[in-house]
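For this one, chain A is given, so just place chains B and C on it according to the hints.
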Amino acid sequence: MPTISMTKVKFHMKKQHGLLALATASALMLSACGSGGAGTESKNAPAAGSGQEITLWLAGGDTNDELRAYLKKTFQETTGSTLVIEEQSWGDIVTKLTTALPDSNNTPDVVELGNTQSPTFTNVGAFSDISDMYKELGGADLLQSFVDVGTVEGANFTLPYYFGSRYMFQRKDVWSEAGVKQPTTLEEFNATVEEIANKNPRGVENFSGFFLGGQDWRNGISWVFANGGDLARKDGDQWVSTLGDSKTLKGLGQLRDIYQNASKAPADAKDATPWLYINDKDEILDEGGKSAGSTSLAAATIMAPGWAHTSIGDLGVGEDGKPVRQWNDETFGAFVLPGNDGKPAPVFAGGSNIGISAASQNQELSKELLKIIFSEDYQNMLGKSGLGPGNQKYVSSLGDDQFAKAAIGAASNSKLTPAAPGWAAVEGASILEEFFGKIAATDDLKTLADEYDKKITPMLNVKG
Amino acid sequence: MTAVQTQPEATPDSAQGTRSPHRARRRLSAPYILLIPSVAVLVAAMGYPLIWQVITSLQEFGLAQQFGQPPKFVGLQNYTQLLFDSYTWAVVARSLTFCLVCAGATMAIGIALALLMKRVHKLIRNILQTALLLAWAMPLVAAMTVWIWLFDWRRSVVNWVLTEAGLNFQGYNWLAAPLTFYVVAAIIVTWMSVPFVAFSVYAGFSQVSEEVLEAAQMDGATGLQRLLHITIPMIRPVLAIVLLLQVIWDLRVFAQIKMLQDVGSVPSETNLLGTYIYQLGTGSGDFGMSSAVSIFMLVLTLAVSWLYVRRMIREDEAT
Amino acid sequence: MSTSMRITQRRTPKISSLMWGALALFVAALWAFPVYWMLNSALLPNVTLQSSTPTFIPFGGSLDNFVAVTASGTFFSALGVSLTVTSITVVCCLSFAFLGALAISRFRFRGRKGFILALLLVQMLPAEGLFIAQYRMMANANLLNSVLGISILYIAAVVPFTIWMLRGFVTGIPVELEEAAMVDGLTRTQAFLRITFPLLAPGLVASGVYAFLQAWNEFTIALVVMTSDTSKTVPLWLRGFMQSSATRETDWGQVMAASTLVSVPVIIFFLLVQGRMSSGLVGGAVKG
Chain A
1 MPTISMTKVK FHMKKQHGLL ALATASALML SACGSGGAGT ESKNAPAAGS GQEITLWLAG
61 GDTNDELRAY LKKTFQETTG STLVIEEQSW GDIVTKLTTA LPDSNNTPDV VELGNTQSPT
121 FTNVGAFSDI SDMYKELGGA DLLQSFVDVG TVEGANFTLP YYFGSRYMFQ RKDVWSEAGV
181 KQPTTLEEFN ATVEEIANKN PRGVENFSGF FLGGQDWRNG ISWVFANGGD LARKDGDQWV
241 STLGDSKTLK GLGQLRDIYQ NASKAPADAK DATPWLYIND KDEILDEGGK SAGSTSLAAA
301 TIMAPGWAHT SIGDLGVGED GKPVRQWNDE TFGAFVLPGN DGKPAPVFAG GSNIGISAAS
361 QNQELSKELL KIIFSEDYQN MLGKSGLGPG NQKYVSSLGD DQFAKAAIGA ASNSKLTPAA
421 PGWAAVEGAS ILEEFFGKIA ATDDLKTLAD EYDKKITPML NVKG
Chain B
1001 MTAVQTQPEA TPDSAQGTRS PHRARRRLSA PYILLIPSVA VLVAAMGYPL IWQVITSLQE
1061 FGLAQQFGQP PKFVGLQNYT QLLFDSYTWA VVARSLTFCL VCAGATMAIG IALALLMKRV
1121 HKLIRNILQT ALLLAWAMPL VAAMTVWIWL FDWRRSVVNW VLTEAGLNFQ GYNWLAAPLT
1181 FYVVAAIIVT WMSVPFVAFS VYAGFSQVSE EVLEAAQMDG ATGLQRLLHI TIPMIRPVLA
1241 IVLLLQVIWD LRVFAQIKML QDVGSVPSET NLLGTYIYQL GTGSGDFGMS SAVSIFMLVL
1301 TLAVSWLYVR RMIREDEAT
Chain C
2001 MSTSMRITQR RTPKISSLMW GALALFVAAL WAFPVYWMLN SALLPNVTLQ SSTPTFIPFG
2061 GSLDNFVAVT ASGTFFSALG VSLTVTSITV VCCLSFAFLG ALAISRFRFR GRKGFILALL
2121 LVQMLPAEGL FIAQYRMMAN ANLLNSVLGI SILYIAAVVP FTIWMLRGFV TGIPVELEEA
2181 AMVDGLTRTQ AFLRITFPLL APGLVASGVY AFLQAWNEFT IALVVMTSDT SKTVPLWLRG
2241 FMQSSATRET DWGQVMAAST LVSVPVIIFF LLVQGRMSSG LVGGAVKG
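Residue numbers (the working numbering), protein chains in the order written: chain A, 1 to 464; chain B, 1001 to 1319; chain C, 2001 to 2288.
Do not rely on the hints blindly, as some may be mistaken.
[To be verified] Calculated lysine-lysine pairs in the DSSO-like style (CA-CA distance at most 27 Å, straight line):
(1) A:Lys455 / B:Lys1122
(2) C:Lys2014 / B:Lys1122
(3) A:Lys135 / A:Lys454
(4) A:Lys454 / B:Lys1118
(5) A:Lys72 / A:Lys384
(6) B:Lys1258 / A:Lys264
(7) A:Lys384 / A:Lys73
(8) A:Lys438 / B:Lys1118
(9) A:Lys250 / A:Lys415
(10) A:Lys73 / A:Lys415
(11) B:Lys1118 / C:Lys2014
(12) B:Lys1258 / A:Lys454
(13) A:Lys343 / A:Lys247
(14) B:Lys1072 / A:Lys455
(15) A:Lys135 / A:Lys455
(16) A:Lys438 / A:Lys247
In case anyone wonders, no lab produced these hints; they're calculated from the structure.
Since we're looking at a predicted model, the values are computed, not measured.
Just chain A, same shape as in the assembly (with noise of 0.2 Å):
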């Protein structure tokens, strides 16, 4: 290659030349920015009287199409200002709120988030003190482990928006086949899904009599709660992880027999998609007509939330002529976890919780909006759509079909993860995945137990 040495450097672009093309390039992205200012609107500038405007923040898709217009347009009616209404994605909710939260220029007023979310930012301090707003907007009838989440020491930040539960899924056929009956009790339950597991009626390769992905605590806690057991205490104003205590180990246990005995899935599945092992195989793709009887099925229970019910049944053909999966009452069934006193056993219940944001400059209109949302029209609309509604008045605007009972029996003893001000950061560092994956593997439960205790009561009391 020709070398170029310094003093032989022969091009030289004219001092003209250089500012021309810094002129165009400007030139260029200005004009560029000029011309695409899509989006560049400015929501910080109040305007006086009824023709403001505060933006809601909702987590995902849930809160459909119609339940967004009706809080728009009660808004407006109620309040004579605009309400804007903001998607956030589950995945990002943290970053955005890290971000946006504290800005006051920029926050947004009314924020829903995910209820094990909850108390890391209230105990910043990032949502304002309802605590006089409790009673109107439902007190005691609002689901009382969300409310726990929303509270500092007595006050209300947050309050429960909505629920959606947890309970079983199982093949009734299966069942049957292995010649158990309905159990009544969480002992029973441990009992019936191992003899399933080990009679394997229909000789499936690496079938479980109840799937649960080794990492799966949200699902496994209950087992935890049943005995009576926790995942933290408050000692003083100290949280303490509580694996290690005796109650705890004893779910435990309980568990670590299912995953050897009853559960064939990997140590390090998720809660995902469980519902995909008690379905049939896909006829679909036998078309050719070929292994017509066979079955991928591959667990006679499962756990899930209670809208899985839609991705569950006999492969079918729906009204638009694509397939999909039909409910089928004689192959399957839905049923609460039984606890060991007659009443169902606590189980997590996911949903969300909403508060007001500190930074917001329209507390008062923000208000507003919040009692719109607790109102019984808003609760029962909620409940129609399949949410569970927070204040525990209106369930039964969930229906009275068999999975709107199990998630009723469900939430009626439901529970939450500690209301720790680090507990974000032991999900974050998905300790309890690992801890939980751990189980199965292990002969010294309790040693293990100690060892993520250790790890996890530190940083339940990070203050920031």
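What follows is chains B and C alone, placed relative to chain A:
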């Protein structure tokens, strides 16, 4: 393609002795003016974040500080905590290994494909280039979704193919053990980066003078000799920069690992530096520590590439 | 290049040339398979996608997924934002970087080494920890939800790489080429435009492609600074699809259809520039 390219007027030696003296006198200000737009945009966009990151790494800065409480300066405490944590070094070792494997594989495959492109018929070359472009054009999120399916333990195409081929891979869970997790991650990362290397190197080839190659061939140089002694040295600037960038990018790989972790595996056993920073910051709200790891990673990257960078700059000055 | 092909073909036996061709086709299939799988899945209903036996050919497939994802019209608004941001980034980035590359490859000046090092350092800084600072900066400058704001961030993210890349190409072009042309009576500017610039074309295209992809695919910065629904970019739109619901199953067929839509503009752009990457332009332009 048939337009035979010759460079009659452009042979390197033809210009000797024709320069007039005044041309050698450069305007001193010219390079600075040329740099204004780049420097301006870099300072505008990176200045504050960089300073923020350095300052935050010296503070106890958590979510509460982000929500307005005054942060506390703790000096180098975050750094000492970091350096005396054996976990940090485990993550560093993993990241370096992963980076070297991926960057090495990517360069080797990329250069091989660039050579292959030169070798095959135009039609086949177009097919190959289009395939690479398609892979390159696939949005990261989409690509990851597809790859995760391809390796899913229950319905994966890979397991299906291996099982059909007579190996019992039914239900094999690739993401459960760290080693196979990294194998999957490395395949994905390499698949994503090869098109860039292949095209860059191929573009570099187009600068290699045909006359020189033909001359060498007439002198009896074999294809391999021509490649090693003429082509590679001539495209070294391109190769050097591409390799360096691969090392940097593979060291800071984040999205691919994060998305795989979301599906399976034990995060603490599969964390690389990128996901570790994310877990500390966004995941746990410890932005002080997360900033310290970021700065640490910056220094580490510089250290890893330092000899190489220095050589590159030296060579650059010698030219 | 064409010359070299003639040479290799002349010298290489037929068999090995066939072998290379077969190898190239195999590699092509390997690299394109995930793309094919995306398209295949986009045409299939969700139920089929959950089966444990893969469906390799979308028999009975339909465009329903595409219809479903475009129905709300949000795709086209996101497309508009993304196209604008990406064009600004590519144009500004290439112009800025071209000037910068000229400066560091054709001049020796005080601060040059420092600048080169700074370019590298900027590349090495991990992005995962920067989002708070980036948000604060944009909020203070009143540039949240602004195409200008995010473009500045993108240009800064891509410019260092582009300067490095172009620098390699500029250095590879002998100054003597221009001089020879000047001997033939061209002015310095003409010589540059006719000789040097075309030789840079592959480099510009490669860098432009890189800038395009970065701006098109970038997610984290967009997530943080493009907060309102109307200013969402295409990756944000796609992400919204994947995680739209806590109470419904993700419809993977729709996600794949959405992914396909997001890929289409990139593919069009690539096919446009692919021709320019090949030697036709280089060869033709050098002849003047």
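Status of the hints after comparison with the structure:
1. A:Lys455 / B:Lys1122: 60 Å, violated
2. C:Lys2014 / B:Lys1122: 15 Å, holds
3. A:Lys135 / A:Lys454: 39 Å, violated
4. A:Lys454 / B:Lys1118: Violated, at about 60 Å.
5. A:Lys72 / A:Lys384: Roughly 19 Å between the alpha carbons, so the hint for Lys72 of chain A and Lys384 of chain A holds.
6. B:Lys1258 / A:Lys264: 26 Å, holds
7. A:Lys384 / A:Lys73: 19 Å, holds
8. A:Lys438 / B:Lys1118: Outside the cut-off at roughly 52 Å; violated.
9. A:Lys250 / A:Lys415: The hint holds at about 18 Å.
10. A:Lys73 / A:Lys415: Status violated; Cα separation ~35 Å.
11. B:Lys1118 / C:Lys2014: 16 Å, holds
12. B:Lys1258 / A:Lys454: 26 Å, holds
13. A:Lys343 / A:Lys247: Distance ~18 Å between Lys343 of chain A and Lys247 of chain A Cα, so the pair holds.
14. B:Lys1072 / A:Lys455: 24 Å, holds
15. A:Lys135 / A:Lys455: With Cα atoms ~39 Å apart, Lys135 of chain A and Lys455 of chain A exceed 27 Å; violated.
16. A:Lys438 / A:Lys247: The hint holds at about 19 Å.
Checked against the numbered hints above, the structure breaks hints 1, 3, 4, 8, 10, 15 and satisfies the rest.
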